[in-house]
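**Student:** Which chain is which? The protein sequence lines are A and B, in order.
When we follow the numbering used here, the leftmost residue of the first sequence carries the number 1, and every step to the right adds one.
When we follow the numbering used here, the leftmost residue of the second sequence carries the number 1, and every step to the right adds one.
Just so you know, these hints were derived from the structure itself, not from any lab.
Remember, it's a predicted structure, so these values are computed and weren't measured experimentally.
One thing to keep in mind: the hints can contain errors.
FRET-style restraints, in silico, Cβ to Cβ [unchecked claim]: (1) A/N70 x B/T30: 32 to 38 Å; (2) A/S65 x B/S70: 43 to 49 Å; (3) B/S39 x A/N57: 46 to 52 Å; (4) A/K22 x B/W83: 33 to 39 Å; (5) A/Q82 x B/S80: 42 to 48 Å.
Note that beta-carbon positions come from the ideal geometry of N, C-alpha and C, so glycine has one too.
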Amino acid sequence: ETGVTQTPRHLVMGMTNKKSLKCEQHLGHNAMYWYKQSAKKPLELMFVYNFKEQTENNSVPSRFSPECPNSSHLFLHLHTLQPEDSALYLCASSQGRGTDTQYFGPGTRLTVL
Amino acid sequence: AQSVTQPDIHITVSEGASLELRCNYSYGATPYLFWYVQSPGQGLQLLLKYFSGDTLVQGIKGFEAEFKRSQSSFNLRKPSVHWSDAAEYFCAVGAGYGNKLVFGAGTILRVKS
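Let the sequences and hints guide you as you build the complete structure.
**Tutor:** If you want it as structure tokens, here you go:
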């Protein structure tokens, strides 16, 4: 596969469930990102990882827990979510620490019941 | 801090007509500027970017954008729109250091035949 892939593409979960979103990049990049895209709101940056280290947490609630085991993989662990967390979650990657083109995956459409 | 304004939430153009999508940014130094496109249910795809040099930038799918420092603008243009261009378009600005991009709220383009 090429580019940035995300699984699952769609996820429905209850408020008491625990689930994980997975992102994998095949571009040899060293930075990875999680974004949240809600209806009628701008794209919100959630987390940034550079060389596996978290360098940005944009005041995200602790019910979202990211994990970056290596530069190619990024996870978002979800637990006790709220209905307002329903959104499209986008993963992106870029070359490194400086401002550079971010390449996006197709996203995971999350619905919290 | 950077910010981006896309004044038009929706734009409708006829197929074959010209297109201009507006983007205004706020940033004290020379910004790094991007235009992305998102089709329904998909991730964001890079159309073009400006880092330095020629202020008229060519991108994919026949799009171009012009950086105008005096107007703090980076408007996206296409001389003849195709029905397949119907999508949401996002302008983004980066500081040139650090990974963070700030996105505008997006402009939804509708193409009528």
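**Student:** Taking the numbered hints from earlier one at a time, note which ones the structure violates and give those numbers from smallest to largest.
**Tutor:** 3
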